[in-house]
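Residue numbers (this note's numbering), protein chains in the order written: chain A, 187 to 471; chain B, 26 to 242; chain C, 8 to 268.
No wet-lab data here; the hints were simulated from the structure. For each residue, glycine too, the CB sits at the ideal point set by N, CA and C. Take these hints with a grain of salt, some might be off.
[As the list claims (entries may be wrong)] Stretches of chain B that chain A covers, calculated by requiring three or more beta carbons in the stretch to come under 8 Å of a beta carbon on chain A: (1) 144-155; (2) 174-184; (3) 198-205; (4) 211-221.
[Unchecked claim] Straight-line distance between alpha carbons at most 25 Å, and here's what the computed DMTMM-like set of lysine to aspartate or glutamate pairs gives: (5) LYS194/A <-> ASP191/B; (6) LYS53/B <-> ASP264/C; (7) LYS465/A <-> ASP209/C; (8) LYS410/A <-> GLU198/B; (9) LYS267/C <-> GLU198/B; (10) LYS241/C <-> ASP376/A; (11) LYS390/A <-> GLU327/A; (12) LYS53/B <-> ASP242/A; (13) LYS410/A <-> ASP193/B; (14) LYS226/C <-> GLU55/C; (15) LYS390/A <-> ASP242/A; (16) LYS194/B <-> ASP336/A; (17) LYS438/A <-> ASP193/B; (18) LYS390/A <-> GLU198/B; (19) LYS410/A <-> ASP264/C; (20) LYS464/A <-> ASP209/C; (21) LYS241/C <-> GLU198/B; (22) LYS267/C <-> ASP316/A; (23) LYS464/A <-> GLU198/B; (24) LYS53/B <-> ASP232/A; (25) LYS390/A <-> GLU55/C; (26) LYS131/C <-> ASP209/C; (27) LYS104/C <-> GLU35/C; (28) LYS465/A <-> GLU163/B; (29) LYS46/C <-> GLU198/B.
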Amino acid sequence: MTTTTQKKSIWDRLEAVPREALYALLLIFFIIPMVNPIGFPVPISDEVRRWYNTIDALPSGSAIMIDFGYSGGGEPELGPMAVAVYHHIFSRKAGLKAICMSTSIEGPLLWDKAMAEVNPSRYGANYGKDYIHIGYISGGEIAMASIGKDLRAAVSTDYKGVSLDTFSIMQGIANAGSFQLLICYTTGGDQSEGWVRQWYTPYKTPYLCSVLAMMVPTMLPYQKAGQIISVTSGAQAGQMEVLVKVPARGIKSADVITMTHLLVVGFIVLGNIAYYAKKFSGGSK
Amino acid sequence: MMRLVRRQIPIGVVIVTSVIVMSDYFFKITGTGPLVTMLTNWGIILTAFTLGFGAINLFYLHTRHIRRRTSGQWFFSIWLLLMVVVFAGTGILTGATSSTYTWLYNSSYFALSATVYSSLGFYMTSGIYRSLRARNIEALLLLITGTIAVMRNAPALAVAAPILIDMDKWLSEFVVTSAQRGIMIGAALGAIALGIRTLTGRETGFLGRLTEAEREG
Amino acid sequence: MSVQLYPGRIFALGMLMSLTALIILYMELSKKTLPEFRKLAGLDALPEMMGRAAEMNRPVHFTTGLGELTGTVAPQLVAGLAVLGHVSELAARVGVKLVYTVYQAQVIPLATELMRQAYVKEGKADAFKPEEQIVYMSGEQFAYASAVQGFAERERPAANIMIGPFYAESMLFAETFFRIGAIQLAGTARGYQIPFFAVVCDYLLIAEEIYAAGAYLSKDPIQVGSIRGQDIGKIIALVLMLAGVITTAAGMTVIADLLKM
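Start from the sequences, fold in the hints, and give me the full structure.
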């Protein structure tokens, strides 16, 4: 008994490129711009510009509530954005009070990481006077509701356990009404949407939100409805770095994003050419 | 008696606390402010408690694996419990924000977490390559919108071809936003319905394991 | 004691009360006459999926994703558990090993009871082995994701059912199970993850279809009535939207003012 084997045509092979080959190519396209930055141009999007302008327009002495609500997995994307925004807040030298909390249990550790990158002392900013972290508060939306209603009842110490009364930044900070702006960095939609429900809806606190790129489409309705001033993705950190004039990890990632996106477009085109060529040539011969 | 304790009383507690907290959103009732603040703070405490409870559960389940020498599992259980002890011990002895704990976190969990998250990019690439094929009209629409979104999010391409920004903006503002709104409204109604079933005692999942009689109330 | 209604929240209160009344009404009406459902292809495919697993002599994997019974995504978790009950009956019927991997430990007693009842109903109480079939993986997102991927690679289930709240791990699951050749049914109301499931999985339940799933499969009057009430709520929302579009285009603000009440 003989067996016949069908020889795979070039189109069969191109239509079903092994994922190992795809991943290898993707890895190469990641590494090249990381090792050797190309310097692709970076356009400033409306969302990032709106974000920048919102912080720029804050009156002196404004209090900003910042939620470091992302996990370690989201740090490579959201960390650069958080750092760039802190550069902006401190560089304004307008006595802005950056009061940070975390709805993510890893938040305080990631905040430490971000602050090490920012180096607030270069702006003359001091912990307890210009910025503070009041710790991880469990409960998600319950935490947001609680600190919105009565912050001092929900938390009485900073993230190191020191009483909030010892810090001048916390003077006059009682509830959501004490804040002129809310910023949230998160990898979890429950947090980004939760702040809309617990702070924007009852207190109308202006709200800026930075999330993972894949979350932006789901957050767009809130932006369109005016509940969030601007929704950006962490991948747009490079644009923020251009605006605040502190190039760092974000701008480096912009090259990687361009290269890998080009590669993905190439894969899409290749896959479709192979599909149709195979179809019109009558399949494998 | 068991039915009263395991079903009626918990449902009663849920109804009373829910009505108080929900009323606080709609009505300004003098005297209830501190009560609502207290209830929401209890919620924070309970959530924090469940974290600790989760750790206890972890110990219970994994010590069972070790005791029973579950094949292919028990040595991983030993390693897991060892890591829990190391992290907890370091946190308690040196503080959860100390440099030692931070180093431990950065060199283990953070690195692993970021790595697994990053692997999503690879999975998405193979998914895109396989699925964005113009097999029919719906697939063609998916292909076009997906390609526009990918190209627009490449910064250099957006600079080279600004029309991508306008096309993506149109898609986002009209197509994506309207679809997401529909999904959100549906999901919100589902959540409201579950809340109503819970408040009327028709949803007893949160009560844990009940007997047939207790479930029927 | 004074009671004042907050301005700007009157309409929301009115809608909430109306929805509550509607849902309770339909829950009661459904006890007499059960409303009909449109077809949900994913759920109709469940027997086919279980049959495939039986033929291949491979297990079936079930997950309700991440999320807690006390969190904001609890409705999705509950929906997933409702489907688990039905899938357990099918698994018991065809003699397939169903493995439910657990993220949230508090779900274990519920799942155990659900699955046990399903096996008892099929007359196969002895076939149910909770220690093998309900596997607590981890309470950490990516530890759970890695554990499930490991399970997929080792056990190579013939079918994968994912109903519940999913986060970033959704794509990890979908791609991994695709790679091992499993047929997949996925459903979530978290809009962020629906596209990933849509692209990879064979069958998909979008958003509120997962809430309908439990009712669709069990035909429980309470659940069915609740879904009917939700549908009426959606119709009200649609009517308001259309009225809003028409009146706003005509230069009137009556609907906008109503919503802002």
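The hints, checked one at a time:
no. : hint                  : result
1   : 144-155               : holds (count 7)
2   : 174-184               : holds (count 9)
3   : 198-205               : holds (count 4)
4   : 211-221               : violated (count 0)
5   : LYS194/A <-> ASP191/B : violated, 42 Å
6   : LYS53/B <-> ASP264/C  : holds, 22 Å
7   : LYS465/A <-> ASP209/C : holds, 23 Å
8   : LYS410/A <-> GLU198/B : holds, 8 Å
9   : LYS267/C <-> GLU198/B : holds, 23 Å
10  : LYS241/C <-> ASP376/A : holds, 22 Å
11  : LYS390/A <-> GLU327/A : holds, 16 Å
12  : LYS53/B <-> ASP242/A  : violated, 35 Å
13  : LYS410/A <-> ASP193/B : holds, 15 Å
14  : LYS226/C <-> GLU55/C  : holds, 20 Å
15  : LYS390/A <-> ASP242/A : holds, 19 Å
16  : LYS194/B <-> ASP336/A : violated, 39 Å
17  : LYS438/A <-> ASP193/B : holds, 24 Å
18  : LYS390/A <-> GLU198/B : holds, 23 Å
19  : LYS410/A <-> ASP264/C : holds, 18 Å
20  : LYS464/A <-> ASP209/C : holds, 23 Å
21  : LYS241/C <-> GLU198/B : holds, 22 Å
22  : LYS267/C <-> ASP316/A : violated, 38 Å
23  : LYS464/A <-> GLU198/B : violated, 37 Å
24  : LYS53/B <-> ASP232/A  : violated, 39 Å
25  : LYS390/A <-> GLU55/C  : violated, 51 Å
26  : LYS131/C <-> ASP209/C : violated, 30 Å
27  : LYS104/C <-> GLU35/C  : violated, 37 Å
28  : LYS465/A <-> GLU163/B : holds, 18 Å
29  : LYS46/C <-> GLU198/B  : violated, 31 Å
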